[in-house]
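A.B. asks: Sequence order for the protein chains is D, B and H.
Once you know that position 202 of the first sequence is 201 in numbering that gives the first Met the number 0, the rest is easy, because the numbers rise by one and skip nothing.
Once you know that position 178 of the second sequence is 177 in numbering that gives the first Met the number 0, the rest is easy, because the numbers rise by one and skip nothing.
Once you know that position 204 of the third sequence is 203 in numbering that gives the first Met the number 0, the rest is easy, because the numbers rise by one and skip nothing.
Hints are computed from structural coordinates only; laboratory data are not their basis.
A few of these clues could be false.
Restricting the straight-line Cα-Cα distance to at most 20 Å, the calculated cross-link-like pairs of lysine to any residue (SDA-like) are [what the hints assert, rightly or not]: (1) K213(D) with L106(H); (2) K44(B) with V180(B); (3) K213(D) with T95(H); (4) K143(D) with N215(B); (5) K143(D) with L334(B); (6) K311(D) with S143(B); (7) K143(D) with F338(B); (8) K213(D) with R101(H); (9) K213(D) with P109(H); (10) K300(B) with H160(D); (11) K300(B) with G165(D); (12) K153(H) with R182(H); (13) K143(D) with L331(B); (14) K153(H) with R234(D); (15) K311(D) with L138(B).
Listed below, chain by chain, are the residues.
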Amino acid sequence: MATTTARPAPDELPKAPRDLLPVFIPPILALAALPLVGSPTTWVTLTVAALAMGMMIFVIASGLTLIFGLMDVLNFGHGAFIAVGAYIAMTVLGPLSGWVQSDALTLNLAALFLAVIAAMVGTGVLGLAFERIIVQPVYGQHLKQILITMGGLIVAEQLIHVVWGGDQKPMPLPNGLRGAITVGDFALEKFRLLAVAVGLTVFIIMQLVLNRTKVGLLIRAGVENREMVEALGYRIRQLFVGVFIAGSALAGLGGTMWALYRETLTAAIGGDIMVLVFIVIIIGGLGSVGGCFLGAILVALMANYTGYLAPKIAVASNILLMVAILMWRPQGLYPVARR
Amino acid sequence: MIQSALSGDMPRSRILSFVLATILVVLAFAPFLFSGSQPINTAAKICIFIVLVASYDLLLGYTGIVSFAHTMFFGIGGYGVGLALYGWGPTWASAGIGLAIALVVGAVLAFVIGLLSLRVRAIFYAMITLAVASAFAILASQLSEYTGGEDGRSFRVPQLLRPGTVLFDIPAIGVRVDGRVLSYYLVFFSALMLVLAAFRIVNSPFGRVLQAIRENDFRAESLGYNVVYYRTVANCLAAGMAVLAGAMSAIWVRYTGPDTTLSFAIMLDILLMVVIGGMGTLYGAVIGATLFILAQNYLQKLMAVASEATAALPLIPHLLHPDRWLLWLGVLFVLSVYFFPSGIVGKLREMERR
Amino acid sequence: MSQALLTLEGVHTHIGQYHILQGVDLVVPRGELTVLLGRNGAGKTTTLRTIMGLWPPSKGTITFDGQPIGGQATPDIARLGIGYVPESMGVFADLTVAENMRLAARLGPPDATRLDWIFGLFPALKRFWQLPAGLLSGGQKQMLSIARAIVEPKSLILIDEPTKGIAPAIIEGMITAFKELKRDKTTILLVEQNFRFAASLGDSVAVMDDGRIVHRGTMQALASDSALQSRLLGLSLAAHQ
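Take the sequences, apply the hints, and build the full model.
C.D. replies: As structure tokens, then:
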């Protein structure tokens with residue numbers, strides 16, 4: 000039958016359009032900040048700090064945006080997983096204080112690894128419970144969803160107080176990760192480099208899973224058209240529960256990193272960063288992992304530069320950034336194709 | 000007369016009518032019924048929050064918009080009046096000008112946020128308001144040379160409203176009518192008027208359109224109503240009412256600061272009050288605010304007793320610790336969203352119908 | 000008439016407050032191509048969606064291959080061997096043609112000989128194999144959507160208006176494809192407004208109006224009886240010819 004279709008010459012194959020414009024915004028922002036900051040060493044410090052912060056935000060936000068993309072559920076209680084993850088990590092690091100305070104980097108990293116695994120498993124399990132108890136009964140009802148996940152957040156935060164107490168806790172950074180590596184004139188803090196490495200690893204793994212595996216294809220297909228995935232015979236509920244667990248575990252990972260970055264911990268730790276997380280997923284385009292990655296870097300750059308140049312308006316500057324981007328692209332940097 | 004004051008929107012439940020009447024009477028005579036400052040403070044706070052929660056109900060219950068920026072408008076009212084009284088002296092004129100500025104700022108902000116996000120989905124709006132409100136709170140505490148920062152500002156109110164101003168005594172019941180009592184009645188009657196105004200709004204043709212939009216925005220749009228216009232107006236009205244509640248609070252507390260007006264904790268309180276009381280009923284705002292503030296003040300005492308009584312058991316005393324009262328209200332909140340989406344008011348009306 | 004593969008008895012479907020299907024009785028005989036005709040809004044698409052479980056029936060029974068499937072979840076219905084080509088085609092625009100086909104082959108990598116057969120029917124798919132499906136033309140998307148439904152052998156395929164907005168040249172190709180599927184003993188339920196296309200393929204026919212089946216019979220009988228055609232199908236279908 001194809002003989003009847005008009006055949007374009009082989010060189011007329013349509014090219015996949017690549018929308019690269021948003022990719023250039025973070026470097027442009029960084030370069031624009033350079034003359035304002037003045038000193039190159041300060042600028043490098045700020046930029047590395049921003050990248051570290053951006054990666055932590057990305058780790059937290061990526062799960063949230065995928066959960067939204069796949070099932071149209073926005074979990075306002077995501078912040079609870081950040082806090083719970085951090086508290087679990089703290090609990091695990093307590094008995095391992097010998098390893099944490101050791102000068103051997105391998106022991107430091109081993110302690111952190113165990114803490115992170117425990118945090119991710121714990122928040123993953125909590126995510127499963129949260130999905131079952133809180134989210135499942137209100138699929139498709141946005142208003143109730145927002146209210147109920149907020150309610151879940153209140154309860155979870157209070158339960159943290161019950162289990163771990165309400166006071167601020169120290170979250171000491173392992174010895175080997177303190178201080179900085181100097182490269183020429185530039186001092187690069189070790190933990191920030193580690194955070195960047197972890198964030199990039201998560202991003203790369205996520206891209207590989209989403210692009211190369213059948214589960215990843217199903218997630219992408221489900222984000223676009225849930226019904227059709229079901230009509231092909233896939234039980235998208237199971238897929239969604241899996242993504243919810245993974246997203247919660249990532250929040251646990253991000254929360255652990257965030258607490259180590261701040262070196263202190265309170266039950267409200269999730270709330271502080273969730274505002275940035277929401278800005279990031281709005282900027283990135285709800286449901287888009289790539290947009291979330293870019294948005295996280297952008298927001299962190301903005302926060303760090305303005306934090307240095309005009310600390311009083313640091314948070315407000317991100318609101319302005321969000322407004323500017325929404326005026327340019329009302330659905331975010333990378334709008335996700337929807338049904 | 001009652002019917003027309005309530006715009007024909009009656010409680011439709013005998014128990015509810017009784018409870019509402021009790022609340023009204025107690026609030027109306029609070030300065031004469033109780034002695035000491037705590038009960039009267041509680042009564043004033045209930046009045047203020049009834050207005051705040053009712054204004055939020057205009058959005059959530061009647062328009063189906065979830066906003067997390069409502070405390071921002073509350074704060075704008077508080078700061079507007081408070082900073083004006085602080086900066087320009089304790090006169091009625093500065094309070095009036097401060098309030099006027101706050102109303103304009105609030106309405107403009109509500110309008111801009113609405114334009115930016117009300118065209119898109121509910122979730123978008125919720126996230127954007129959350130971000131904007133938290134940025135506003137941080138900004139308010141950062142700009143300390145204007146706002147007093149974290150400490151906020153204490154200020155004096157106009158002469159007539161000060162505790163030292165004694166108008167007359169009523170020796171028969173041992174009550175002295177002073178500036179404080181006057182302040183209370185200023186708050187009380189403002190609250191009464193605003194709540195009745197809210198009833199007017201939701202029962203007007205405009206309010207009916209809002210509810211039609213809440214039920215099905217596509218359909219409302221296809222019937223020729225400009226959904227964005229209606230939502231934006233509702234947003235501005237609710238914001239304006241929250242600004243007024245903030246002003247009332249400033250006049251009563253004689254202090255304005257980030258924790259008492261802008262914090263996210265208050266936003267959560269408002270959510271709890273409106274949902275537990277009953278969304279989309281306005282009476283729910285009255286019931287929810289009253290119940291919540293009484294719980295805030297008295298449930299904690301009860302829990303302290305329970306916590307001590309169970310001190311020997313593991314975990315339970317922690318769960319019953321007075322600081323954990325929010326835990327139980329949070330659980331109640333989640334349960335009400337599931338099982339009684341129309342809250343206490345809806346439940347009472349349902350019982351009556353059986 | 001041979002044995003029924005799919006039977007709907009007194010099926011009602013509500014969407015929100017709207018009562019769309021008001022007692023549909025439909026029989027799809029095994030190994031045949033059944034055409035479902037009717038004007039816009041008659042309930043044809045809702046019938047297919049109800050069979051797929053995308054909208055639950057509020058009343059009535061749906062029987063597939065002897066077992067009741069009404070009220071089951073969509074994936075479970077699909078797993079019984081039912082393929083679905085929705086009106087909107089439902090291709091995953093963000094995924095390549097190859098990835099679309101990979102997902103459609105749920106039980107494992109697509110079978111090579113079957114793929115060759117599909118490429119023979121729709122060569123464009125082979126040419127654009129690595130291209131995001133969103134870049135395909137409307138007709139090519141329709142080919143992909145049909146190819147997805149048949150990449151694994153199915154007992155029943157539901158197809159919703161494949162000719163809508165498609166160039167006549169491609170429609171001729173579809174006719175070939177459906178004839179080959181029929182030869183393969185695949186049962187097809189085809190929703191159509193294009194009567195000429197429907198008449199060239201259909202074995203049996205059902206006509207819907209206002210949420211009910213108003214006529215059932217053989218396509219031959221309907222095609223040869225122009226009085227019946229104009230009574231059942233009226234001007235709305237004539238306009239499509």
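A.B. asks: Each of the hints needs a verdict: does it hold here or not?
C.D. replies: So, going through the hints one by one against the coordinates:
With a CA separation close to 12 Å, the supplied pair K213(D) and L106(H) stays within the 20 Å bound. Between K44(B) and V180(B) the alpha-carbon distance is near 14 Å, which keeps this suggested pair within the 20 Å criterion. Between the alpha carbons of K213(D) and T95(H) the distance comes to roughly 13 Å, so the proposed pair stays at or under 20 Å and holds. With a C-alpha separation of about 16 Å, the suggested pair K143(D) and N215(B) falls inside the 20 Å cut-off, and the hint holds.
A distance of roughly 12 Å separates the Cα atoms of K143(D) and L334(B); the hinted pair therefore holds under the 20 Å criterion. This hinted pair checks out: K311(D) and S143(B) have alpha carbons roughly 10 Å apart, not beyond 20 Å. Distance restraint check for K143(D) and F338(B): the Cα-Cα separation of roughly 11 Å lies within the 20 Å cut-off, and the hinted pair is therefore satisfied. Distance restraint check for K213(D) and R101(H): the Cα-Cα separation of roughly 8 Å lies within the 20 Å cut-off, and the hinted pair is therefore satisfied.
For the given pair, K213(D) sits about 13 Å from P109(H) by alpha-carbon distance, which is consistent with the 20 Å threshold. Of the supplied pair hints, the one linking K300(B) and H160(D) holds, its CA atoms being roughly 19 Å apart against a limit of 20 Å. Simply put, K300(B) and G165(D) have alpha-carbon atoms about 19 Å apart, close enough for the 20 Å limit, and the pair holds. Taken as a hint, the K153(H) and R182(H) pair is honoured in the structure, with Cα atoms around 13 Å apart against an allowance of 20 Å.
Simply put, K143(D) and L331(B) have alpha-carbon atoms about 15 Å apart, close enough for the 20 Å limit, and the pair holds. Under the criterion of a C-alpha separation no larger than 20 Å, the hint pairing K153(H) with R234(D) is consistent with the structure, at around 18 Å. As the CA atoms of K311(D) and L138(B) are separated by approximately 7 Å, the hinted pair is consistent with the 20 Å bound.
The structure fails none of the hints (numbered hints given earlier).
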